[in-house]
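J.: Chains as they are written, first to last, in the working numbering: chain L, 4 to 164; chain C, 25 to 164.
Read the hints as simulated data drawn from the structure, not as lab findings.
Among the hints, erroneous ones may be present.
[What the hints assert, rightly or not] List of simulated lysine-lysine pairs, DSSO-like, C-alpha gap at most 30 Å: (1) L:Lys113 - C:Lys29; (2) L:Lys76 - C:Lys73; (3) L:Lys133 - C:Lys106; (4) C:Lys29 - L:Lys133; (5) C:Lys155 - L:Lys133; (6) C:Lys29 - C:Lys106; (7) C:Lys29 - C:Lys155; (8) L:Lys117 - C:Lys155; (9) C:Lys29 - L:Lys117; (10) C:Lys155 - C:Lys106; (11) L:Lys133 - L:Lys113; (12) L:Lys117 - L:Lys133.
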Amino acid sequence: MATEHFPIEAGHIILFARSVGDANPIYYDAGAAAETEPGHIIPPPTFVQSSAQFTEGYSLRPVIGEPWFGSGKEPTGIQRESSGGGGGTGFHAEQHYEYHAPIQPGDVLKAVDKPGNSWEREGRRGGSLKFNESITEYYNQDGVLVVTARSVGVQTSRVVE
Amino acid sequence: MALNKSNLTVGDEHSEQIVDNLTRTQIIQYAGASGDYNPLHTDEIFTTKVAGYPTVFAHGMLTMGMTGKMLTNYVGDGRLTKYGVRFVAQVWPGDSLTATATVEAIREEDGVSLVDLAVTTVNQDGTEVIKGSATARIDG
C-alpha cells in the first residue's frame, strides 16, 4: 500500500515483536542489538506490513468520527464489501518479501505501489475466486530500496468453510 | 549465530513450536501493532453474526510473522534475503502451531553463499496453514 511517510520507531518494533511472540533482544534493546551482526535494532521480517498504520485512508483502520463496520453492543449493519458483510470475503492469499538493505529505528520509509496481475479461477470450497496482486517497494530516506513486498489478495464469492 | 555452509546439508530441518494455544489477546496485539483492524480477527459479534464464521480467526500475517521467528532463530539476525508464503488454511484461537524450515539448496550467487529453505507451518492436527520458502545468506 502506498505510504508517503512510514517512520521506523523503536517502540513500534517492540509492540510488533511482542505480537508475533518473538523475544529476540535485537528487537527490544539497543545495547543488546549493538552486539549482534547487524549492530543495531532491526525490525522482524514481516514488520513493513505495519506501514498500514501510516497509510492514508487505509480501509481496515477506523477513522475518527466516521462509522465503523465492526460491532458495538450489536452489529452496526454497515456493509463493507471486502470484509465479510455480503457472504463472500476478501482474504490475503500470499505474501512475499525481498530484503535488499537493512532498516533501523530513525529511518523513514516511503512505500510506492507498482502494478500487479489479476486472474480468476474456480475454487474448490469458495465458489469463484478473484486474485489481485500488488507490489510495494519500500525506500528509505536516502532513496535506497530496502524491501520489495508482493501481496496476493483473493475475493471469494461465498464464506470459506 | 549465522549458519555455515560447511555444517549444512540438503534435507536438514529446523522446527519450532511458534505458538501454544493461540489466544484472542495475541490476535488483538497483532491487530494493534500491524494496524489491520479487520473485525474478522477481533470482533466475535461481527464475525459470527454478520460474516458467518464460527469465531474470529488470526490474521494470515500473524502466522507469517510467528513463522518468521522460527526462520530468524535458524538463519540469524538480518540474514534473510527472501521470505514468502501462501496462506492455505485458517488459524483459530486455541491453535498450536509448529513451523519447520527444510534446506532445499546451498548455492552461490554473485560470490555470496545462500541457503534456500522450504517453509511450512502446521497446526495441532497436522494441517498445513502456511506453505512457503525463504532464502538467507550463510557463512563459508
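J.: Each hint needs a verdict: does it hold in this structure or not?
T.: Hint-by-hint comparison with the structure:
1. The straight-line distance between the Cα atoms of L:Lys113 and C:Lys29 is roughly 35 Å, outside the 30 Å bound, and the hint therefore fails.
2. Between L:Lys76 and C:Lys73 the CA atoms are separated by roughly 12 Å; this keeps the pair inside 30 Å, and the hint holds.
3. Simply put, L:Lys133 and C:Lys106 have alpha-carbon atoms about 26 Å apart, close enough for the 30 Å limit, and the pair holds.
4. Restraint check: the Cα-Cα separation between C:Lys29 and L:Lys133 comes to about 42 Å, which exceeds 30 Å; the hinted pair is violated.
5. Our distance criterion of 30 Å between C-alpha atoms is met by C:Lys155 and L:Lys133, whose separation comes to about 20 Å.
6. Straight-line distance between C-alpha atoms of C:Lys29 and C:Lys106 comes to about 18 Å, which keeps the hinted pair within the 30 Å bound.
7. Our distance criterion of 30 Å between C-alpha atoms is met by C:Lys29 and C:Lys155, whose separation comes to about 24 Å.
8. Proposed proximity of L:Lys117 and C:Lys155 is supported: the alpha carbons are some 25 Å apart, at most 30 Å.
9. This hinted pair does not check out: C:Lys29 and L:Lys117 have alpha carbons roughly 36 Å apart, beyond 30 Å.
10. For the proposed pair C:Lys155 and C:Lys106, the alpha carbon gap of about 14 Å is at most 30 Å, so the pair holds.
11. For a cut-off of 30 Å, the pair hint linking L:Lys133 to L:Lys113 stands: about 29 Å separates their Cα positions.
12. Between L:Lys117 and L:Lys133 the CA atoms are separated by roughly 19 Å; this keeps the pair inside 30 Å, and the hint holds.
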